[in-house]
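Those protein sequence lines, which keep their order, are chains U and Z.
For the first sequence, this note's numbering gives the first residue as 481, with consecutive numbering after it.
For the second sequence, this note's numbering gives the first residue as 338, with consecutive numbering after it.
A couple of the hints might just be wrong.
DSS-like cross-link-like pairs, simulated, lysine-lysine; straight-line CA separation at most 25 Å [stated by the list, open to error]:
no., chain 1, residue 1, chain 2, residue 2
1, U, Lys-699, Z, Lys-527
2, Z, Lys-641, Z, Lys-622
3, U, Lys-699, Z, Lys-546
4, Z, Lys-813, Z, Lys-379
5, U, Lys-716, U, Lys-745
6, Z, Lys-546, Z, Lys-527
Just some of the chain U residues that point at chain Z, by a computed CB distance under 7 Å [claimed, not checked]:
no., residue
7, Pro-685
8, Arg-687
9, Phe-689
10, Glu-800
11, Asp-804
In short, the hints are calculated from the structure, not lab data.
Where a beta carbon is used, it is the ideal one built from N, C-alpha and C, also for glycine.
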Amino acid sequence: MAPPLLVTREEGLSNASTVASASSPQSLDCFSQNGGVSLKERNYLGLSDCSSVDSSAAPGMSDEKKDNLNLKATELRLGLPGSQSPERGPDIFSLSSTKLDEKPLFPLLPLPTKDGICSSTQKTVVSGNKRGFADAMDGFSEGKFTGTAAINVMLSPRPAGLQPTAKKEIPSKVLQGQTGAVSGTGGAVSGSSPASKAQVVGWPPIRSFRKNSLATTSKNNDEVDGKPSPAVLFVKVSMDGAPYLRKVDLRNYTTYQELSSALEKMFSCFILGQCGSHGAPGREMMSESKLKDLLHGSEYVLTYEDKDGDWMLVGDVPWEMFIDTCKRLKIMKGSDAIGLAPRAVEKSRSRS
Amino acid sequence: MNYFPDEVIEHIFEYVGSHRDRNALSLVCRSWYRIERCTREKVFIGNCYSITPERLIQRFPSLKSLTLKGKPHFADFSLVPHGWGGFVYPWIEALAKGKVGLEELRLKRMVVSDESLELLSRAFPNFKSLVLVSCEEFTTDGLAAIAANCKRLRELDLQENEVDDHKGQWLSCFPDSCTSLVSLNFACLKGEINTGVLERLVARSPNLKSLRLNRSVPLDALQRIVARAPQLVDLGVGSLVHDPAMETFAKLMTTMNKCKSITSLSGFLEVTPRCLTAMYPILPKLTSLNLSYAAGIPGSDLIKLIRHCKKLQRLWIMDSIGDKGLGVVANTCKELQELRVFPSDNIGQHAAVTEKGLVAISMGCPKLHSLLYFCHQMTNAALITVAKNCPNFIRFRLAILDATKPDPDTNQPLDEGFGAIVQSCRRLRRLSLSGQLTDKVFLYIGMYAEQLEMLSIAFAGESDKGMLYVLNGCKKLRKLEIRDCPFGNTALLTDVGKYETMRSLWMSSCEVTVGACKVLAMKMPRLNVEIFNENEPADCEPDDVQKVEKMYLYRTLAGKRKDAPEYVWTL
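One chain only, chain U, in its complex shape:
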């Protein structure tokens, strides 16, 4: 029986928080005849390398040296222009062991070994894989990809912990069928972690029809509404006289009352500021009642700009319809809101 195949490299371990010492030895007796052997540099590819049909004894320890020589040669490297990838082909023994010291294109991480040691959070590459998932994710283009255009994809630092890498070239084919999905992700979460991910061809295993269909849907939503219609709906809120604007997520509220209270809280500092001493000269000091009036909106009117570009008074239509059509909010002074609300007009008349 062949011992389990591991590849360990310095680079791969650099960011890993190993739990080596903590985990209890896992019994993989069925695999190992050499239970006591600790981590060794092995090339799983070497062990399974049978270019001749020699299925008899699995290579034992003695082949280790040969394996190491084959380490680089039999790794399926994907040749980027200018990258250090060995020639594929019959000449697999031509590499010298010095090449082992080169920084590998895709550092592989140790698997749970027969000693039960495994490294953890740093991701994905299972050493058993000829081309680990992370490697594929890193997007080293195999010669097989004939796509001519290369797409730079920023690998996002995801919790699963891709090795922090710089941009990699991924030929367009890798992202075929994915680009739609990728581009469709942008809208929902504004300013949060990058939605674009490096993707492997065919993973996750979703039918291309489904991917394309969902991409069309999100594109349509963008076109129709001017913004995607997903879980968050941020709109700008401006207030006359305030030095800067705010943004609120309309999905956080389900009624006008909630929105109104939230906006009050958000903008109260501006109202008080106007009342305060650093306000423009000529403003009278605020009495308590006047402050209350302000806060309860009798001096201010909440308006919104709808899809057609008109400024409307907030509160006329059902909430759902409102958030469907609202593009931005504005807190107007009562006196400015003459065209919008009779009540405000009345009020401003009564004050003047």
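With chain U's structure known, arrange chain Z on it following the hints.
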């Protein structure tokens, strides 16, 4: 058993429907073989290249219904290059020539040209039913031919096909005399349709039970159409987008209230969450609900909706429902048998599903037997719990979005979890693995998965032993598809006879070399061993030691196929 005259045996055979049982009957003795072949009306061919159409027609003169599958399954995920094959035209041509009384044709992952549809529509006067799943190359012109010429058409069911829309009025091609439609599904079409024509078609189809619309059918048209078909059992909504006219919405709700028979609901290719409430009247009766295309519906709305679906047996949904939502499903849908949870890109991580959702489902839905679950992580403990709670799994497909992710709690591979699944679910027929996996999981599979017929492996295993465990252990294995695993020539060549007991084997980005494939092809003449050679120039013979990027082999009685493109080498 020659005590009975043939007529009696024939009569008995009438009660035997499933093609597997029929296959078994035909092996008993010569006279049963003869009787069976003369009376068989439905034939299922899992790989269109395993046999020639002529031979099929010769053996089954009473053929009425044919099911054909073309490309390998991984073609769904863009792993099979364009032009590989799976052309249906030669089949239709042969059937026409053989004067077969074809009534039903069901195709999956095949290349269907307009020409073939045209021929199909003209050559078989009794043609009743056309079902195309994941096919390509045809356009609405081909559909127009079907509509115009198939006078007895009952079923036109298009599922997830890539169809070119030629802006013709294919729906108008149904003649006024066509009143026999029972099932019409054009949800996958991208173009506009004339809703007036559709309405009239529905109005004159009193037997219409299943109607699935595409996204171009707006809410008001939907209302009018459904109003004309209160007998519908299966409805696919196209677009359910907020209509500024509130009365239309109210009308739709009233109409839905009148639909007492709808048990299956799908579509929602474009939907505004609020509009889902129009569907509430029919939710309590639903047994099948497919919201997997309804992007952008917040989990909270999905949860609200699911609470009404107490009779649900099949649910396809997006992971925006979240673990919490799956908990609601578990509490509500006690009859649930099939669950598919698809990933949505555009929702933040917090809304996705993890092992917790699956565990909740397993606890609440003991009847669950089919699962397709895309998730962000999975643990061994969860899988072990699921295995204990749901021993009835027939299909278990797990797709962790990060394909080699270990158990996040223990950092172990998921060998033990999947091991528990195969050990507990003795009836398991289909399994898809993901996550970090060593050879051990394959040892378990080989040991316990006695009924396993289809296995999909990606980014797993450590050595040839993994594949060998499976090939040796799974006696009923029919389809094995492997990508990006370190399985090489030893695994491939140890038991070459095995492949004749299987339908097909796919290996891509593994360790197999050209030389080994050649050896295999030489030893097994009744296998087609195809290598896809996408990069080398066509005339360049690949070296024996070169690794094979994609290999697809299948048993066949038809010999090497003549329609293979240049990049396919049949060894």
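We went through each hint and held it up to the structure:
As the CA atoms of Lys-699 (chain U) and Lys-527 (chain Z) are separated by approximately 14 Å, the hinted pair is consistent with the 25 Å bound. As the CA atoms of Lys-641 (chain Z) and Lys-622 (chain Z) are separated by approximately 16 Å, the hinted pair is consistent with the 25 Å bound. The suggested pairing of Lys-699 (chain U) with Lys-546 (chain Z) is violated, with an alpha-carbon distance near 32 Å, which exceeds 25 Å. As the CA atoms of Lys-813 (chain Z) and Lys-379 (chain Z) are separated by approximately 23 Å, the hinted pair is consistent with the 25 Å bound.
For a cut-off of 25 Å, the pair hint linking Lys-716 (chain U) to Lys-745 (chain U) stands: about 16 Å separates their Cα positions. This hinted pair checks out: Lys-546 (chain Z) and Lys-527 (chain Z) have alpha carbons roughly 23 Å apart, not beyond 25 Å. Interface restraint check for Pro-685 (chain U): the shortest CB-CB distance to chain Z comes to about 5 Å, inside 7 Å, so the restraint holds. Interface restraint check: Arg-687 (chain U) against chain Z, minimum CB-CB distance 5 Å, threshold 7 Å, status holds.
Residue-level restraint check for Phe-689 (chain U) holds (minimum Cβ-Cβ distance to chain Z is 4 Å; threshold 7 Å). Checking Glu-800 (chain U) against chain Z: minimum C-beta separation of about 4 Å stays under 7 Å; hint holds. A least Cβ separation of about 6 Å between Asp-804 (chain U) and chain Z falls short of the 7 Å threshold, and the interface hint therefore holds.
In this structure, the one hint that does not hold is number 3.
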